[in-house]
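K.L.:
Sequence:
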Amino acid sequence: MSAHARLDSPADDLPLAAPAAASSIAPSPSLMPARLPPRALLLGPALLLAIWEAASRLGWLSPETLTAPSQALLTGLQMLRDGSLLPHLLASAARAYSGLFIGLATGVVLALLSGLTRSGEALIDGLVQVKRAIPTLALIPLAILWLGIGEAMKIFLIATAVFVPIYINTHAALRGIDIGHVELARTLHLSRATFLRKVALPGALPGFFTGLRLAVSLCWTALVVLELINTQTGIGYLMNRARDWGQTDVIVVGILIYAVLGLLSDLVVRAIEARVLRYRRTA
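Read the sequence shown against this note's numbering and you will find it ends at 283, with the numbers running on by one and no gaps.
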């Protein structure tokens, strides 16, 4: 048999087909990480607490500088048993969630007006961008002059901090609705109310939940500062009084309460988001 015949033989092509077949069944690498279970999100905080506790037990942190988490836990339990913690906890939660709900409603209404009407965007969006550039704490002097130093001032400032991320993210989601959905709604001659209910609001939900997670964090961040201003109740008041008395364990109790409440609030928002947006395909 000649050399040309051996080169053109069909049998010689079989070894070349094997690698192609093997590569076709090889598993493709994952392009996106899989979604973590909710419990996995606690790994970082748990690791930080473990390092903190170890540093305290090894003498690297003195109790006068920063008390150990275990000692703070014992102090918190004692405060719960003697009834000195719960009234302050409820007062802080009432302030934070009152401001959150007011800011949430304000942000959603303004985002709908600005995102769905040209006149609304012309009147509202510029003002919100100006407010976005002004730190909420810079408004404290004016808020005290307008509303005094009572509960109304604190709730007002929490609401002004909260509504900005709600507005920004919901407005961006409304403006980013697929133009194909808008054209389809126009072809079907949907009314304005039906378009809002069936297209605009569902399309804005991902952005709304992003803003809500930021808002939940902001409401607790603003509360920490505001409760240091002439209050007789609240976790911030306890921490301020403990500072005067050098009680680092009570200060750490307050910090841990703020952290736990913020984390639980974020987990609740995540759970609601996962349920409401379960139609989305995830990796």
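Source of the hints: derived by calculation from the structure; they are not laboratory data. Idealized CB from N, CA, C, for every residue including glycine. Keep in mind that a hint or two might mislead.
[As the list claims (entries may be wrong)] Now the in silico label distances, taken between C-beta atoms and shown as ranges:
#, residue 1, residue 2, range
1, Val109, Leu49, 21 to 27 Å
2, Ala133, Gly180, 50 to 56 Å
3, Ala46, Gly180, 42 to 48 Å
4, Glu151, Ala259, 40 to 46 Å
5, Leu127, Gly59, 15 to 21 Å
6, Ala46, Arg241, 25 to 31 Å
7, Leu80, Leu41, 36 to 42 Å
8, Ala271, Pro63, 24 to 30 Å
K.L.:
Is the hinted range of 42 to 48 Å satisfied by the C-beta distance from Ala46 to Gly180?
P.N.:
Because 45 Å falls inside the window, the suggested range holds.
K.L.:
Quick one: are Ala133 and Gly180 within 50 to 56 Å, going by C-beta?
P.N.:
With a Cβ separation near 35 Å, Ala133 and Gly180 fall outside 50 to 56 Å, so the hint is violated.
K.L.:
For Leu127 and Gly59, compare the CB-CB distance with the range 15 to 21 Å and indicate the outcome.
P.N.:
55 Å, violated
K.L.:
Kindly confirm whether 36 to 42 Å is satisfied by the beta carbon distance between Leu80 and Leu41.
P.N.:
Taking Cβ atoms as reference, Leu80 and Leu41 lie about 26 Å apart, which means the hint is violated.
K.L.:
Taking 21 to 27 Å as the stated bounds, is the beta-carbon spacing between Val109 and Leu49 within them?
P.N.:
40 Å, violated
K.L.:
Just tell me: holds or violated, for the beta carbon distance of Ala46 and Arg241 against 25 to 31 Å?
P.N.:
Given a distance of about 30 Å, which is inside 25 to 31 Å, the answer is holds.
K.L.:
Between Ala271 and Pro63, does the C-beta distance stay in 24 to 30 Å?
P.N.:
37 Å, violated
K.L.:
Regarding Glu151 and Ala259, is the given constraint of 40 to 46 Å on their beta-carbon distance met?
P.N.:
24 Å, violated
Checked against the numbered hints above, the structure breaks hints 1, 2, 4, 5, 7 and 8 and satisfies the rest.
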